[in-house]
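**Q** Given these sequences and hints, build the entire structure.
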Amino acid sequence: MKHLLSIADLGADGIEEVMRVSDSFVEVSERAIPRVPALRGKTVVSLFYEESTRTRLSFEMAAKRLSADTMNFSVSTSSAKKGESLRDTCQTIEAMGVDAMVVRHSSAGVPWQVRSWVDCTVINAGDGWHEHPTQALLDCYTIRGSRGSLDGLRIAVVGDVKHSRVARSNVLAFTMLGAEVTIVAPPTLLPPSLDGWPVAVSHDLDNVLAKVDVVYLLRMQAERQSEALLPSLREYTARYGLTRKRVDLLPEDALIMHPGPINRGVEIAADVADLPRSLITRQVANGVAVRMAVLFLLLGSEPRA
Amino acid sequence: MAERERAATPPYGGVFSARSQVMDAEDLRRAVTRIAHEIVERNHGLDGVVLIGLQTGGVPLARRLSEALSQIEGVAVPTGSIDVALFRDDIGIRPVIPEAVTDIPFDLTGLTVVLVDDVLFTGRTVRAALDALNAYGRPRAVQLAVMVDRGHRELPIRPDFVGKNLPTRHDEIVDVRDDGVDVGEKRPAGQETHRR
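Going down the list, the sequences are from chains A and B. First residue of the first sequence: 1, per our numbering; consecutive thereafter. First residue of the second sequence: 1001, per our numbering; consecutive thereafter.
These aren't lab readings, by the way, just hints derived from the structure by calculation. All C-beta atoms in this analysis are idealised placements derived from N, C-alpha and C, irrespective of residue type, glycine included. A portion of the hints provided could be inaccurate.
[Said to hold, decoys possible] Here are the simulated EDC-like pairs of lysine to aspartate or glutamate, each with C-alpha atoms no more than 20 Å apart in a straight line:
1. A/2 with B/1090
2. A/211 with A/151
3. A/64 with B/1089
4. A/2 with A/302
5. A/64 with B/1131
6. A/64 with A/27
7. A/64 with A/23
[Claimed, not checked] To give an idea of the interface, some chain B residues facing chain A are shown, with a C-beta separation under 8 Å as derived from the structure:
8. 1016
9. 1018
10. 1091
11. 1092
**A** Listed below in structure tokens is the structure:
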């Protein structure tokens, strides 16, 4: 495989393979010198047309731990400011000789466009509302680390599903690995159509919480909401926020996850985010190892023609 | 081991087909016992000696050597394993994938490390292992124990302890298992033959 654009490209076997290889990279990350020479001489550029903390730093750290060279592109300090088009920017960067581009953009489908313009490996690091495959991989890996497997687990995905690329990739990945997914959201924050999604839908969080193994909270994406979809954030929190009181409804061993950045006090109460059963920081730590696995599998493990 | 070589050398796919057995289970047991005695002799006991098996073929052998050593000297020898895939020099030339997780739960600084592998061939795996060990401290010395030395070295690497020297053709495959050692070759899938 040369590119990672959608979680669907991997299929269940591909996800399992990434998770299996990630174990090795977790071990590498725990060494006193967490660096291996596997991708020496390769160059990975991150092309971020949208802001990011976790994903960009995590990819950069992953590439560095594999001894690849890294370059960073951000819109605010580049010629994109002078009006250079995406296509020209990609071709300029490729002309310098890069092996992989990690692309984030606010429009769905951009990584597919980029792939058609360049010869190097393209990795989707989030395109609009569409997909965020490495997030889904690290979430599957994190759940597997706590529960051994996703098969048969009941997972509730709660919140702003409409604007969430994380929800799209994660629902695909969770269900491919045999989990039962329930989406919990106010009707205004659901996608226009759920046709073809193998999920149940509920508008009653309290009712769902008692029967889940994992509650996966989504960030309220105020920056993507162009119209008034909610009466107020306070009302949202009252009905869909994971408050301390709601945590008591969860089974004792249920896990709490969030892709970050978290809006403390909106989708998750401040103290809930810091509970031991909340895996939010584990997700970030695993993100580096999983992205090392992705980079290595795409750039290192196949012979190049 | 045969499985690993089969998957990692062209033509990819195909199956290992054994042609002749060169060591049986008893030969293997005697070789393990002899190598264990040689390790004790060379190091004047087992003070500060640890075994590290190379994933995947060297790991069961390291375990057997560790058992033999503790029978001889009555002390437990710390035993770990290392996967060298990420340190190989042929990444990008052939499919390389981590086979297993490295497990070295101790600092190697000042210790004598005996690397254990089933077959010594080009020496490139051992070269990668020497690099990989760096991340775990600075050993006092590194020694190499292999069950079969089949020749065809491509690097200046020499084993300290050898179960059997076995001249081979470059395209042959040597398969070390718990119950013996076979030599054979790779055939296209569907043409496998069985030993004897």
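**Q** Which of the stated hints cannot be reconciled with the structure, identified by number in ascending sequence?
**A** Hints 8 and 9 contradicted; others consistent.
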